[in-house]
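I would like the entire structure built from these sequences, with the hints used as guidance.
Residue strings, one per chain:
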Amino acid sequence: MSNDTTTLQVYRVYIRATPQQVWDAITDPVWNTRYGYPGANEYELHAGGSFRAVMPAGMMGPDEFVGVDGEVLEADPPTRLVQTWRFRFDEAQIAEGFQRVEFDIHEEHGGVTRLTVTHDVTAAPISAALLQGDANLQEGGGGWPWILSGLKTLLETGGSIAS
Amino acid sequence: MDADDDRVFKALADSTRRHLLDLLFEREGRTLTELESGLEMTRFGVMKHLKVLEAAGLVVSKKQGREKLHFLNAVPIRLVHDRWIDKYTERRVSALADLKHSLEEKTA
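Taken in order, these protein sequences are the chains called A and B.
One rule links them: number in our numbering = place in the first sequence (from 1) + 935.
One rule links them: number in our numbering = place in the second sequence (from 1) + 1.
Simulated from the structure, these hints should not be mistaken for laboratory data.
It cannot be assumed that every hint is accurate.
Computed list of lysine to aspartate or glutamate pairs in EDC-like fashion (alpha-carbon distance at most 20 Å, straight line) [stated by the list, open to error]:
#1 B:K69 <-> A:E1037
#2 B:K69 <-> B:E55
#3 B:K64 <-> A:E1037
Please read all numbers here as calculations on a predicted model, not as lab measurements.
Here it is, written out as C-alpha cells:
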C-alpha cells in the first residue's frame, strides 16, 4: 500500500484573509516573526533558494541559531510554496534529513482563504512527533497545529497567542 | 468564528468519532477500509461519522492514486484550546500568583 512507503501529515486552516496576506504571513519575516516559534523564517523565494528558520541570539546560545534549514523547490505566489525542511537542534534530527513541505493557498468564497500544509515525514519519526505537537511548548513542541493557529489569530485579530 | 467552534464541539461529542481521531493520531493516512476494520460498525456508519469530522475540519482527506486517505487535522482543536482553554488556565495561574504574592506580603 502507498502509505507503507510514505507518511504524510496534513494540516488545514481557514483564515479570514486574502491569499496574498496568507502568503506574506508565511514567507515574510515581518509577519512570520509574530507567531509560532521565536525568530524569523527567511526565504529566498525562487526554486533553488534557501530557507532558514533563524532563532535570535540568546535562545540557543550567545549567537543566532538556525533551527531549521531547507531549500525552496517551488514558489508560486500567492498560491503554492514547496520547500524542504530539516530540524537541526541535535544530531538525531539532522540525521533524519530533509523533508518535503507543501503549502497550498486557496481562495474560498466570502473573503476566506484555505491553507493546507502537507509535510512528508517518511522515515523521520523525531520530526514527525515535533511537527504533530507531541512535546510541550517548552521542549519545542506545539508543531504545525500551534503554528497555524497562531498564524490565523495573527491575521484575523492582529494579536498573538500568549505563549 | 463561533459556528466553527460549534462544529468542532459537536463532532467531538461522540465517542465513535473521538475513537476515529485516536486511530488517525496513532497512524495517519488511513483508508476507509482500514478505519472500518478498527470499529464495530458498518461502512456506511463510519462514512457518516467521517463526514461530520471532515465538516468540522478535524479530518482532511486526500486522494493518493486510487485511494482516499484520511488525515487527522489537529488545528481546530488547537484553535479551541488557544481560544478557550488557555484563557481560563491563564487566569488560574495568575490567581495563584496573586495569592502567593499577598501571602508573602503578609509575612514580610
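Evaluation of the provided hints:
1. With a C-alpha separation of about 19 Å, the suggested pairing of B:K69 with A:E1037 holds against the 20 Å cut-off.
2. Between B:K69 and B:E55, the direct Cα distance comes to roughly 13 Å. Compliance with the 20 Å bound is thereby established for this hinted pair.
3. Restraint check for B:K64 and A:E1037: satisfied, since their Cα atoms lie roughly 15 Å apart, inside the 20 Å limit.
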